[in-house]
Every structure is written in structure tokens, then in C-alpha cells.
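Asker: Start from the sequences, fold in the hints, and give me the full structure.
As you go down the protein sequences, you meet chains A and B in turn. First residue of the first sequence? That's 5 in the numbering used here, and the numbers climb one at a time after it. First residue of the second sequence? That's 13 in the numbering used here, and the numbers climb one at a time after it.
Take the hints with a grain of salt, since some may be wrong.
Here chain A is said to cover these stretches of chain B; the calculated rule only asks that three of the stretch's residues, wherever they fall, bring their Cβ under 8 Å from a Cβ of chain A [claimed, not checked]:
#, segment
1, 47 to 58
2, 65 to 76
3, 93 to 107
In short, the hints are calculated from the structure, not lab data. Every residue gets a Cβ at the ideal spot worked out from N, C-alpha and C, and that includes glycine.
Single-letter residue listing:
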Amino acid sequence: MFKQLSVAFLLAVSSLHAQSAALMGFEDSYMLMTETGEYNQELMFNYAPSIHHAFGVEVMRMSPKGMRATTMTGINYTGLIQRWNLPSAQANVWFMGSVGEARGLHHGFSYSPSVQFDYETTRLYFLAKMRMLRAPGMNNDMVAVQGGFSFYEADFDDTQPWFVLEAKAIKNFNPSFQLTPALRLINKNYFLELGVTNPFNKSERAPRLNLMFTY
Amino acid sequence: MKNILIILCCLLVSPIVSAATSIKAEVNGMVCAFCAKGIEKKLNAMPEGQGAFVDLKRRIVVLELKPQQNVSLDAFTQVIKDAGYAVSKVEKVEQSIVEIKANIKASMKGQ
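Answerer: This is the structure we're talking about:
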């Protein structure tokens with residue numbers, strides 16, 4: 005119990021730190037994010053009352069190959085720690101954290117703090133992310149990097165296609181290394197990504213769909 | 013005499029057809045439509061404006077003002093900052109959004 009409270013306190017402290025950091029835009033917006041794949045399914049909904057932070061709920065299901073899945077349900081916080089607005093680029097450092105309950109293969113209090121850095125121009129994209137994913141008896145901490153390029157520059161009202169390659173390593177998970185090439189379409193209201201995880205390994209190959217809507 | 017009449021007519025009509033005033037800014041960090049939507053939303057919410065335009069390729073945002081309405085450049089810059097971006101240049105132009113779009117189109121043809 006003390007450990008759980010300590011973790012919740014640490015998350016809260018981290019959240020407060022993020023709230024006091026740089027400004028960021030999309031005040032008064034709702035966002036829905038989903039990921040659907042064989043190994044991971046995630047649904048998150050949040051509301052950003054200001055440009056500094058967003059609060060929401062999420063359900064995440066980790067489905068390792070050949071093992072029973074664990075579903076984590078909880079509340080989450082997203083905060084912008086720092087943003088750099090450059091003449092033709094933008095870079096950000098984000099904190100994201102969630103606390104909730106795990107059910108399935110693992111039961112009990114779950115928590116998942118993460119830190120993300122991203123850099124983007126109108127044609128290039130890079131992201132690095134570290135995420136702890138813990139519940140009693142469960143440690144699926146992960147690191148991920150993504151890189152991509154857009155096929156062409158697009159106008160504000162147009163949909164812009166991107167090619168994105170993600171490499172992800174997950175502790176105590178099968179498959180522990182996931183490589184996902186994907187086609188991403190970005191519009192001002194939505195983000196759609198269709199990829200294939202581990203396409204060169206027949207036994208691990210699996211489609212993955214990511215969606216994001218904002219309004 | 014005919015010329016004088018034409019000039020007088022032009023002078024009388026000119027206030028009616030005078031160019032609209034817009035605020036035009038170059039914005040740092042605006043790299044995708046998904047993120048620039050926050051700027052468009054903020055600009056469309058300004059009661060002094062009658063239209064907003066975002067040009068992602070040139071990193072330009074424009075707010076066309078309603079007749080007799082005014083927004084200071086500082087206030088406009090603050091709106092962009094509040095949306096999470098930085099302004100590198102801001103100016104008032106005697107052009108409507110339609111005219112600004114036409115100029116951009118013309119400059120693209122010239123390239």
C-alpha cells in the first residue's frame with residue numbers, strides 16, 4: 005500500500021512539474037487515440053483544459069504471444085515539459101503517466117509513467133520514448149524510437165502521407181523486439197496509421213492500426 | 013471634364029471598396045496541419061475577425077478583420093503564443109484573405 009501511494013505521489017509530483025513548464029497549443033480540445041494490434045490494444049480519451057496539460061482515461065491490453073493478456077484500466081495525465089519552436093521545425097519533451105488497475109495474467113495496482121522526445125519538420129519526423137509499464141508481477145518497461153518522412157509537403161486542408169518506421173523493445177514480452185513500418189496519414193482532424201509489426205518474421209507478423217481524432 | 017468626373021467618381025467610391033485589413037504572421041514551429049488546427053481554432057474564435065487562413069508550407073497565418081475592428085499586433089502575437097507557437101514576424105496588411113491567397117498563387121506561378 006505504501007509503495008502504491010509512493011508511486012502515485014511521484015506521478016503527481018511529476019505531473020505538477022510538467023504543468024508549470026512551457027506552453028503548448030490545443031486548448032479546450034478532446035482527443036481520442038486507439039491502437040489495435042495483435043500484441044497491444046489501447047484506447048485513450050483525454051481533454052486538454054489548457055495548452056499545458058490533458059487529463060483522461062485509458063484502457064490498455066498487453067497480449068504477449070502464447071500467454072494470457074493483461075488489461076490495465078486507469079486515469080492518465082499528459083503534460084508538455086518543454087517545446088522548442090524553430091523556424092522550420094518543432095521539438096517537444098512530454099511526460100505521460102497513468103495509474104489504474106490491472107486484470108488478467110497480472111492483478112492489482114498498475115502504473116505507467118513515460119517520457120517522450122519528438123522532433124518534426126514538414127518532411128521529417130523523429131521520436132524517442134521510454135515507458136514504464138508495471139503491475140504486481142509485471143514489468144513490461146519499453147523503449148521505442150520512430151523515424152519517418154513525408155512524401156511531399158501538404159497544404160493545411162490537405163491530408164499528408166508519411167512513411168514511419170518504429171523499433172520497440174519490451175521487457176519480459178514476446179516478441180520482445182517489434183519493428184513496425186507504417187503508412188501514416190495526417191489531417192487537421194485525424195491521424196491514421198496502418199503498419200505491420202515484424203513483417204519479416206512469419207510467426208510474429210501482425211497488422212497494427214493507430215487512430216487519433218481531435219475536436 | 014470627363015476625366016475630372018471619373019476621378020471624382022473614383023474618390024467617392026473608393027471608401028466603399030477599400031481593401032480589407034488583415035493581420036499576417038510568420039509562425040515558428042507550425043509544421044503539421046494536426047498541430048496548426050489549434051491556431052485556426054483560436055483565430056476563428058476572435059470576435060474581431062471575419063476569417064482565418066493558415067498556409068502550412070509558408071508557415072503563415074492570417075486573420076482578416078471585420079470592418080471597423082482592430083486587434084493590436086501584440087494581442088495577435090499573444091494569441092499565437094497561447095496556442096503554443098512563436099511568431100517571427102507580424103504585420104498589418106491592407107489585403108483580404110482572398111487577395112493574399114491570390115498573391116501566393118501568383119508567386120507560385122512565377123517560380
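Asker: Could you run down the list of hints and mark each one as holding or not?
Answerer: Comparing the hints with the structure gives:
Residue count for the segment 47 to 58 of chain B with a Cβ under 8 Å from a Cβ of chain A: 8. That meets the three needed, and the coverage hint holds. Given a C-beta distance limit of less than 8 Å, the hint that chain A covers the segment 65 to 76 of chain B holds, as 5 residues qualify and 3 suffice. Taking a C-beta to C-beta cut-off of 8 Å, the segment 93 to 107 of chain B contributes 7 residues in contact with chain A, enough for the three needed, and the coverage statement holds.
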